[in-house]
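Just need the whole structure built from these sequences, with the hints factored in.
Which chain is which? The protein sequence lines are A and B, in order.
FYI, the numbering for the first sequence is 1 to 257, going by the working numbering.
FYI, the numbering for the second sequence is 1001 to 1785, going by the working numbering.
To be clear, the hints were calculated from the coordinates, so they are not data collected in a lab.
Misleading hints may appear alongside valid ones.
Output of the computed footprint for chain A on chain B, the stretches with three or more beta carbons under 8 Å from beta carbons of chain A [to be verified]:
| # | segment |
| --- | --- |
| 1 | 1101 to 1114 |
| 2 | 1128 to 1135 |
| 3 | 1169 to 1181 |
| 4 | 1545 to 1555 |
| 5 | 1560 to 1570 |
| 6 | 1629 to 1643 |
Since the model is a prediction, treat every value here as computed from it, not as a measurement.
For every residue, glycine included, the Cβ atom is placed at its ideal position computed from N, Cα and C.
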Amino acid sequence: MKKTIITVVALSIIGFANAQTPEQRGLEIAKAAEKADLGFNSSSVQLKMTLKNKNGQTSERSLTTRTLELTEDGDKSLIVFNSPKDVKGTSTLTFTHKVGSDDQWLYLPSIKRVKRISSNNKSGPFVGSEFAYEDLSSQEVEKYSYKFLEEKNGLLIVEQDPVDPKSGYTRRVVSYNKNKGYRIEKVEFYDRKNALLKTLTYSDYKLYKNKFWRAGVFNMVNHQSNKETRLEFNDYNFDVNLTDDDFSQVALKRAGN
Amino acid sequence: MNAIKKVRDKSNRFAKQWAEFVIKRKWYVLIASLILAMGLGSQGNMEFDGDYHVFFSKSNPELEAFDALQEKYTKDDNVILVLSPSNKNVFTRDNLSAIESLTAEAWNTPYSSRVDALTNFQYTSAQGDDLYVDDLSYESELKSESEIQQIKQRALKEPLLVNRILNENGSVTAINITVRLPGEDSAKEIPEVTAFVREMIANFKEKHPNFEVHSSGLVPLNTAFFEASMRDLMLTMIMLIIVIITTFILTRNIYSTIATLVVVMFSIMSAVGFVGLMGIKLTPPSSVFPTMILTLAVADSIHILITMLQKMRKDGLSKIDALTESMRLNFMPVFITSLTTVIGFLTMNFGDVPPFWDLGNITAFGMTMAFLFSTTALPALMAILPVKSKVKQKEESKLIKANWYTTLGEFVVKQPRRLTIISLVIIGGLTYLATKNSFNDEFINYFDESVEFRTDTDYISDNLTGIYNIEYSIGSGESGGINNPEYLKNLNAFENWLEEQPEVVHVNAFSEVARRVNRSMHGDNEQFYRVPDNREEAAQYLLLYELSLPFGLDLNNQINVDKSETRVTVTIENVTSADMIVFAKKGEDWLKNNTPEPMHAIGVSPTLMFSKLGFRQADSMFKGNIIALILISLVLMFALRNFKLGLLSIIPNVTPVLVGFGIWALYKGQINTGMVIVFGMTLGIIVDDTVHFMSKFLRARRELGYDAKQAVIYAFETVGKALVTTTLVLLAGFAILSTSSFALNSYMARITVIIIVSALVIDFILLPSLLILTSKKNTSIKANN
Chain A
1 MKKTIITVVA LSIIGFANAQ TPEQRGLEIA KAAEKADLGF NSSSVQLKMT LKNKNGQTSE
61 RSLTTRTLEL TEDGDKSLIV FNSPKDVKGT STLTFTHKVG SDDQWLYLPS IKRVKRISSN
121 NKSGPFVGSE FAYEDLSSQE VEKYSYKFLE EKNGLLIVEQ DPVDPKSGYT RRVVSYNKNK
181 GYRIEKVEFY DRKNALLKTL TYSDYKLYKN KFWRAGVFNM VNHQSNKETR LEFNDYNFDV
241 NLTDDDFSQV ALKRAGN
Chain B
1001 MNAIKKVRDK SNRFAKQWAE FVIKRKWYVL IASLILAMGL GSQGNMEFDG DYHVFFSKSN
1061 PELEAFDALQ EKYTKDDNVI LVLSPSNKNV FTRDNLSAIE SLTAEAWNTP YSSRVDALTN
1121 FQYTSAQGDD LYVDDLSYES ELKSESEIQQ IKQRALKEPL LVNRILNENG SVTAINITVR
1181 LPGEDSAKEI PEVTAFVREM IANFKEKHPN FEVHSSGLVP LNTAFFEASM RDLMLTMIML
1241 IIVIITTFIL TRNIYSTIAT LVVVMFSIMS AVGFVGLMGI KLTPPSSVFP TMILTLAVAD
1301 SIHILITMLQ KMRKDGLSKI DALTESMRLN FMPVFITSLT TVIGFLTMNF GDVPPFWDLG
1361 NITAFGMTMA FLFSTTALPA LMAILPVKSK VKQKEESKLI KANWYTTLGE FVVKQPRRLT
1421 IISLVIIGGL TYLATKNSFN DEFINYFDES VEFRTDTDYI SDNLTGIYNI EYSIGSGESG
1481 GINNPEYLKN LNAFENWLEE QPEVVHVNAF SEVARRVNRS MHGDNEQFYR VPDNREEAAQ
1541 YLLLYELSLP FGLDLNNQIN VDKSETRVTV TIENVTSADM IVFAKKGEDW LKNNTPEPMH
1601 AIGVSPTLMF SKLGFRQADS MFKGNIIALI LISLVLMFAL RNFKLGLLSI IPNVTPVLVG
1661 FGIWALYKGQ INTGMVIVFG MTLGIIVDDT VHFMSKFLRA RRELGYDAKQ AVIYAFETVG
1721 KALVTTTLVL LAGFAILSTS SFALNSYMAR ITVIIIVSAL VIDFILLPSL LILTSKKNTS
1781 IKANN
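As structure tokens, then:
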């Protein structure tokens, strides 16, 4: 009996001394990534979204995204559609929350009205693309539970399980680049039956203000439907100095016109 | 005619030398045969392919059109589970909770991409000024009585649900699971889905015994194809027993029976090896190949064995002499009949349905090997086995039998003209009837009522919705054009027109989504249940709606990436293939007459592909049949060494098929794809009767100097019995196949039975009559010589 106790104590001491649990390590990495990106305040960027089906038929949309950094709660963002023509000026405003569902509004210029979007459905595709709304929204640490899997060529592989039961995924497997400010290189998405659904690859990274890594291209491939969506970003502008007023419903209407 | 005599002597000499060689080297020959059969057999690999796509060749235009549509939207194979609660009301707290939990479980189906059910239906409504999209019934166990009543009212008014997911009085509902099979190995993927779904249903029934569950859809169809293949492969065992019994009765000799068994087993082993070497995956039509080979191969052995035993019993020859003599007499006839059978089966390659290519090629290979083994392993084995004979025992019964055939011969000889006329009138009448058959490839009716897929599908058709559908991909001609009000109005008009058609059960069109969202954007005002009349509005409503949909329930299965085309799915009652084709055409014509050109579309769907399969197969087989007829007639001319009789043989060879389809018109009146191949196939088989009868007739004329009438009687006496026995063996084989639960096989076997019987009757009545009538002008062939 005595021996067992000693062994257990000894083992736990070794355990604590050498490594955290995979869960702790995972959370630590996510927090480090968040910290690395802290302090950008606000940004604005133009992007082109290209949808491609199995046969290579494509369809394009062009968008402008503005983001406001918040520390006490999730970031705020505003997306404006510049094309196709019949949705030009349509814009969405999102308040991400660290806990609970995000708030989201859509401005429809054709009827000059702002409509709230059902908050419990955010796992559907974003404008017919392979991105779900939840893939594009601000990645708050609190939205997942974490498990560190392995380290491979300087990449830290972490499994993230969404907290929200309405999420379309059972888990995501994220590769963080330890040497490049914990920027994300790749995310694999597993659907509700835990089969690999999509892979998102980030490329053409650029370092802004000597601190913030931003990818020039997001490429999402759906392995089940063989469809693809590519986001191509122009240069980020970190000097827009946006404020809370630029992320209100009034601003939403204004942005669309 | 010296040249011909030389050829005959040569072939006789060859056959004799062959026989002597085989008998002398019996052990080597036997071991070589064994090694060949085992060697081929070891390459054997029986894999099944149940995917319904196997019925369509790569170049099939209906398949191409359907694949193109699926690639534009989503590839949808499905399982539909139909739930019938015993209280005949879906809308109770317990029932809704049960449906909700089964829906959640259904998401775990392998390869599933979407699950549509009553509870997760995305109900759209206005809440204040906002668009609200949510599950029709979420967390159903917490709902109050009034909330459940509200859900019921909403559901029964929802055009997207009624007659698709829910019946009109709310007593039966469905869960539709869409799966996206990678299509890399259907033999693995389909059973994986099926096993999961079956277990899910079993668990559900255990937890909720008040529910009846029926399942159908494309995946269960594929499974039914799989299972039909395996069941029909099992028929081989029954046929094997029949072969043993028949051989024993006909030869009354245990060693002959063993030798026959060895030959047919070797032939089948070789054919199985062929399947493996060629990488053929078995499908219901091709899985009957062992039974086919058994049926056809046994005749070769029986001919050789009966002659040998006769020579021993009647003429008192020694075993070796009798064997050599039998080989000499039978080598050419067995060669010729095998050749015609092989030609007949190879013509299946002219068709447009790949499983029948496989059936034709495997059987043709098996028959070639059967010929080889019948002329090597069989005599070698008979030379080894201690066969004894009881001389002249059955003389009396033989005489009686001979008398029966003689009587028939005399009967025919007395009135050839009258019999010819009567036969031709009957054949003419039945030929006319044969044209009254119509094609019907309703794939559900491929399975008889002993198959669960069939009964479940019938239940679903009777109680909830249709299983057959047609899809149109309707273009707008411009990127984003589906939001053009003109397009939406035309689409809506098409939807309305379809709804009015009597055979239509349900229509799923994008115009319904546009109407529904427009209504909700106007505070659920029924007056706005119409398509928006402004393009920007339509586009922005759609954007809002799409942003509101959850995982897996998006519009990608209905709208293409460019938002320039939408998919219209029409569910149809069970109608015949011909009506299905007419309906699809009617829809195409309506679009042509009422909409601008970009909106013109052709109807496509698996149902339609099967509907057109029979016609396509018939068209493509036509050429093959003509070639088979020419080739086989040429073989006959060569075998009989007589041009005129070769030409005459076309009549008894072609008429049985006409008679067969004439009788079929009276029996069923509907023919399927499987029956299209019977012309070439039966031609190769029934031609044997003609060959035997005509060659004996000719021998009597040429060698014995008989006149036509005497020659006919001689032919009856010498081959009458042989023809009857081989016909009986063939009938046994095809009768067994006709018990198949799979109509492509059972109908094919049934009409073959009719054709084989007709062939025998025609060869006994019409053929001799014609032989006498055509011989009258030149009284004796010998005189001509």
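Evaluated hints:
1. 1101 to 1114: holds (count 7)
2. 1128 to 1135: It holds, with 6 qualifying residues against the three required.
3. 1169 to 1181: violated (count 1)
4. 1545 to 1555: Holds: 10 residues of the segment 1545 to 1555 of chain B have a Cβ under 8 Å from chain A.
5. 1560 to 1570: As far as the segment 1560 to 1570 of chain B goes, the hint holds, because 4 residues have Cβ atoms under 8 Å from chain A.
6. 1629 to 1643: violated (count 0)
This entry does not satisfy hints 3 and 6, going by the numbered hints stated previously.
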